[in-house]
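Undergrad: The chain contents come next:
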Amino acid sequence: MKRLFILAVLFSSAPVLAVDGMAILQRDCAVCHSLTGPAAQTLKDAWSRKGPDLFYAGNKYRAEWMTAWLQKPQAIRPAGLNYGEHLKAGVKGDEVDTATLPLHPVLAKADAVAVTAELMKLKPHDDLISKEKLESGSISKQMGEMAFDKFYGCLACHQIEPEFGGFSGPELYTAAQRLQPEFMASLIRSPQAWNPKSWMPNKQLTDMGIQKMVRYLDVIGKESANAK
Amino acid sequence: MRNRFWLLALIFAASPLQAQELAADNYRAYCVQCHGMEGNGKGVNIRDMAVQPRDHTDAKSMSGRSDEALFKVIKEGGPAIDKSVLMPPWGDTLSDEEIRDMVLHLRTLCKCKFGS
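For the record, the sequence lines run as chains Y and R. Each residue of the first sequence is one higher than the one before, starting from 1 at the first, in our numbering. Each residue of the second sequence is one higher than the one before, starting from 229 at the first, in our numbering.
This is chain Y alone, in the form it adopts within the complex (with noise of 0.2 Å):
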């Protein structure tokens, strides 16, 4: 009885804001995700990950597109972060073996835009996105398409729309939503420059040709979020 009493002093005396983003970071994901980085130097540490790394999360992430998907996390990539993890021996081939791909936990709001305030202060990488100057320019869906697809064979990892692409890396439809338009240029001009043991290959595309994509990956996202 006395306990409860001393409970109800503390919680009223709390401060307003009596989220703490970095308690729960510590306490709930840091056990998954990386806070404090290096990324993976080995495949040993690669494959021992069990989330993608969060460090550089303000350098990589929109704020908004975060909050939202904690508090309702659908699946980004179609094989998991480790897709050798997920495969099973099918009739055509190696199949995703979905049933092994985690569930994320949920957020309640409070909590999911306290978490996305202090994963948005983590940019070690300023460095690499201070390199990346976009210019304003528009690419028709269908030109960006056939570039990504024939011209630099994007999409033997990658789905452009559900259930068309490959599997192995991210779903890039819904890529601008979650996106910082200069993290994408600079992941795509050298994905080892964020995490040298990277699944993704560098596929030495020129600025013109970074541009093309970023802007490509920017008129289907929208799509996709028009499409909802």
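Calculated directly from the structure, the hints in this document are not laboratory data. Some hints could be false.
To be verified - Chain Y stretches covered by chain R per the calculated footprint, using a threshold of three residues with CB under 8 Å from any CB of chain R:
1. 39-52
2. 84-92
3. 155-168
4. 197-210
Where a beta carbon is used, it is the ideal one built from N, C-alpha and C, also for glycine.
Chain Y is already provided as a structure; the job is to place chain R on it using the hints.
TA: Just chain R now, kept in the frame of chain Y:
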């Protein structure tokens, strides 16, 4: 005690800066997504590909490629040997050492040599 120290010093001096991975591990990490768990060209990504990945267990087609050609296509990608752009360049992912090991690994998958 003294001996132990020297042993440790030696081990450290001998290990290269960037750890080199085993070819089988690199294959599992990077090649399996398209070439498949069995190396038979039936990876998880192939469904919507216009050109299907090479079957690395097929001795007939693999013996038609020299070790130099295999090195080149892994490092620089399909177009370097007039093949599909769907085969990416892995030169920023793997060191030359690792690519040379990978060529040897491919020879164990096809159980074949160039021209045999």
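Undergrad: Need the list of violated hint numbers for this structure, in ascending order.
TA: none
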